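Visitor: In case you want the letters, here they are:
Number of protein chains: 2
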Amino acid sequence: LSAGAPHPLDEAIALQPLGPDRWQGRTSPAYANMVGPFGGVTAAVLLQAVLQHPARQGDPIALTVNFAGPVADGGFEVVTEAARTNRSTQHWQLRMVQGAETVATGSAVLATRRPTWSALEANFPAVADAPSLDRAPPIGRVRWTSAYDMRFAKGPMPRFGEPSASQGDSESLLWMRDEPPRPLDFASLAALCDAFFPRIFVRRPTQWVPIGTVTFGAHFHADATVIAHIGSAHVLGHARAHQFRNGFFDQSAQLWGAGGELLATTHQLVYYKA
Amino acid sequence: LSAGAPHPLDEAIALQPLGPDRWQGRTSPAYANMVGPFGGVTAAVLLQAVLQHPARQGDPIALTVNFAGPVADGGFEVVTEAARTNRSTQHWQLRMVQGAETVATGSAVLATRRPTWSALEANFPAVADAPSLDRAPPIGRVRWTSAYDMRFAKGPMPRFGEPSASQGDSESLLWMRDEPPRPLDFASLAALCDAFFPRIFVRRPTQWVPIGTVTFGAHFHADATVIAHIGSAHVLGHARAHQFRNGFFDQSAQLWGAGGELLATTHQLVYYKA
Numbered sequence: 001l002s003a004g005a006p007h008p009l010d011e012a013i014a015l016q017p018l019g020p021d022r023w024q025g026r027t028s029p030a031y032a033n034m035v036g037p038f039g040g041v042t043a044a045v046l047l048q049a050v051l052q053h054p055a056r057q058g059d060p061i062a063l064t065v066n067f068a069g070p071v072a073d074g075g076f077e078v079v080t081e082a083a084r085t086n087r088s089t090q091h092w093q094l095r096m097v098q099g100a101e102t103v104a105t106g107s108a109v110l111a112t113r114r115p116t117w118s119a120l121e122a123n124f125p126a127v128a129d130a131p132s133l134d135r136a137p138p139i140g141r142v143r144w145t146s147a148y149d150m151r152f153a154k155g156p157m158p159r160f161g162e163p164s165a166s167q168g169d170s171e172s173l174l175w176m177r178d179e180p181p182r183p184l185d186f187a188s189l190a191a192l193c194d195a196f197f198p199r200i201f202v203r204r205p206t207q208w209v210p211i212g213t214v215t216f217g218a219h220f221h222a223d224a225t226v227i228a229h230i231g232s233a234h235v236l237g238h239a240r241a242h243q244f245r246n247g248f249f250d251q252s253a254q255l256w257g258a259g260g261e262l263l264a265t266t267h268q269l270v271y272y273k274a
Numbered sequence: 001l002s003a004g005a006p007h008p009l010d011e012a013i014a015l016q017p018l019g020p021d022r023w024q025g026r027t028s029p030a031y032a033n034m035v036g037p038f039g040g041v042t043a044a045v046l047l048q049a050v051l052q053h054p055a056r057q058g059d060p061i062a063l064t065v066n067f068a069g070p071v072a073d074g075g076f077e078v079v080t081e082a083a084r085t086n087r088s089t090q091h092w093q094l095r096m097v098q099g100a101e102t103v104a105t106g107s108a109v110l111a112t113r114r115p116t117w118s119a120l121e122a123n124f125p126a127v128a129d130a131p132s133l134d135r136a137p138p139i140g141r142v143r144w145t146s147a148y149d150m151r152f153a154k155g156p157m158p159r160f161g162e163p164s165a166s167q168g169d170s171e172s173l174l175w176m177r178d179e180p181p182r183p184l185d186f187a188s189l190a191a192l193c194d195a196f197f198p199r200i201f202v203r204r205p206t207q208w209v210p211i212g213t214v215t216f217g218a219h220f221h222a223d224a225t226v227i228a229h230i231g232s233a234h235v236l237g238h239a240r241a242h243q244f245r246n247g248f249f250d251q252s253a254q255l256w257g258a259g260g261e262l263l264a265t266t267h268q269l270v271y272y273k274a
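In order, the protein sequences belong to chains W and G.
Residues 1 to 274, numbered by my numbering, are exactly what the first sequence covers, in order.
Residues 1 to 274, numbered by my numbering, are exactly what the second sequence covers, in order.
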């Protein structure tokens, strides 16, 4: 990363105004998936449309993205609508279009938090710290994997074609951060929520099958102060599936700061053709 | 329930066409909350708008509802839009309006499942069976609680003003079904996904505080055949919070059939004023 050059993620989520609620963006080769862009960056783009909107009020607490159809490499437009603004919450409806096609729909909820009684109930997982684990080699034909530093304590991405044994479940536990490093913010956290490999590959590491996320949701538990405190350190991701059934499986995950801060919980439903 | 009379839930979710993608409904006294209607029925209404839509293709796999503002007792309109129809999935954008105000937004994903390799990974909780537990008495001033038969194995709704001790966490485990009984379908399952009492009341049973669900999501793991097999039997709900923090807490839950079928997973974010 040359001095002064924008981080590749900031390039990938950059939007130019086309009108009061219409924004122009472009997919980024650095975040290419096997076909089209990495879904996490699509989610980050939709959130970014709200984050940079002049009518924005508050910080994100929830994001939903429905992947309605394939996103083609190239330009896209994002349509934003502040459906309702209350005193402490703001509700946005979102859409990504390419030509006449809706390729993604979504919604975001922003809120203003006030300090009050708080309690963390989920347990930070027992795990080796990030520096004691090796970075997993990126997957050449899946370009976006080079945009993350991932260090697996459990449930790595299998290398199809190489000998591999199933661990019997779909659980993954890994440290991850942007590569090159970039201070965490809501947009990069949204993308990290989708950076887990498909659970079916962890459960069945010997068979590659076509998959695609259909719907994605994230709850942001951390506010901007907590997120800024993380900086460019690794965050811990912990993911599993509840069920694989007749063409769709789910993925539930938590993202944690190394200091035990619960940053986000996320859940998605993924199509698979087994 | 007199012979031939519709079930109160079917009355509560009934919609009349106002145009190709506009539907008229009305809140139901049987599902009244302390203020306005029970959110689970609002979610069921939005899903019902899709289920009864002539352009519907497939069965629901996911539903998102954002509670944008208070729903007033009385009439409302639902606006539906099939944003994208693919071969095996269909994406709907949804909105509930009262006068000029958007009171809820949402989206639904429908899909056609095909039998293939499947695996259940989540564990059915250890629990006493429904007949061995007593029905919890409904809460008089919260009318919708009379529309459910709930039998708690853990984490009941506290009776504010009566002596009560915190169990130290927000976990609830309970059997529940419509009262009077009604065969389970996607609409009633959506409502059941929101029928858990607010987690903060389980965690802090001595203090009533204002709360309100801000966003709600459900993944439907069961198809229509599995759901029909449940009939009007109790389903097992298992809910907990990950975190309460500065005005918002989450709730994650699973809904199971008594035979060990995972029916739905659900997650919501709730405003609280502590």
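Since the hints were derived computationally from the structure, they do not count as laboratory data.
Wrong hints could be hidden among the right ones.
Said to hold, decoys possible - Covered stretches of chain G, as calculated for chain W (at least 3 residues, CB under 8 Å): (1) 60-70; (2) 86-97; (3) 211-220.
What the hints assert, rightly or not - The following label-pair restraints were derived from C-beta to C-beta distances: (4) G:Q52 x W:D134: 49 to 59 Å; (5) W:M34 x G:A55: 48 to 58 Å; (6) W:I139 x G:P137: 28 to 38 Å; (7) W:P210 x G:A228: 43 to 53 Å; (8) W:P125 x G:A228: 31 to 41 Å; (9) G:P20 x W:P70: 43 to 53 Å; (10) W:W117 x G:R26: 54 to 64 Å.
Unchecked claim - In silico contact screen, one side only, chain W against chain G (beta carbon under 7 Å); selected entries: (11) D59; (12) R87; (13) V109; (14) R114; (15) E162; (16) S166; (17) L173; (18) I211; (19) G212.
Keep in mind the model is a prediction, meaning the values are calculated, not measured.
Note that beta-carbon positions come from the ideal geometry of N, C-alpha and C, so glycine has one too.
Visitor: Next step is simple, just say for each hint if it's right about the structure.
Guide: Going down the list of hints, with the structure as the test:
Counting residues of the segment 60-70 of chain G whose CB lies closer than 8 Å to any CB of chain W gives 6, which reaches the minimum of 3, so the coverage claim holds. Counting residues of the segment 86-97 of chain G whose C-beta sits closer than 8 Å to any C-beta of chain W gives 6, which meets the bar of three, so the coverage hint holds. For a cut-off of 8 Å, the count of residues in the segment 211-220 of chain G with a CB near a CB of chain W stands at 4, and the three-residue condition holds. About 54 Å separates the C-beta atoms of Q52 (chain G) and D134 (chain W), a value consistent with the hinted range of 49 to 59 Å.
As the Cβ distance of M34 (chain W) to A55 (chain G) is approximately 32 Å, the hint placing it in 48 to 58 Å is violated. Distance hint check for I139 (chain W) and P137 (chain G): the Cβ-Cβ separation is about 57 Å, which falls outside the suggested range of 28 to 38 Å. For the pair P210 (chain W) and A228 (chain G), the supplied restraint of 43 to 53 Å is violated, since their beta-carbon distance comes to about 30 Å. Between P125 (chain W) and A228 (chain G) the Cβ separation comes to about 39 Å, which falls inside the hinted range of 31 to 41 Å.
At roughly 28 Å, the beta carbons of P20 (chain G) and P70 (chain W) sit outside the given window of 43 to 53 Å. Separated by about 38 Å at the C-beta atoms, W117 (chain W) and R26 (chain G) break the suggested range of 54 to 64 Å. Here the hint on D59 (chain W) is broken, as its CB sits about 11 Å from the closest CB of chain G, past 7 Å. Because the closest C-beta pair between R87 (chain W) and chain G is about 11 Å apart, greater than 7 Å, the hint is violated.
With its C-beta approaching chain G no nearer than about 5 Å, V109 (chain W) sits inside the 7 Å limit, and its interface hint holds. With a least beta-carbon distance of about 5 Å to chain G, the hint placing R114 (chain W) at the interface is held under the 7 Å criterion. With a least beta-carbon distance of about 21 Å to chain G, the hint placing E162 (chain W) at the interface is violated under the 7 Å criterion. The criterion of a C-beta within 7 Å of any C-beta in chain G is not met by S166 (chain W), whose closest approach is roughly 11 Å, and the hint is violated.
A distance limit of 7 Å between C-beta atoms decides the matter here; for L173 (chain W) the minimum to chain G is near 15 Å, and the interface restraint is violated. With 7 Å as the threshold, the beta carbon of I211 (chain W) stays out of range of chain G, its nearest partner Cβ sitting at about 12 Å, so the hint is violated. Because the smallest distance between the Cβ of G212 (chain W) and any Cβ of chain G comes to about 9 Å, over 7 Å, the interface hint for this residue is violated.
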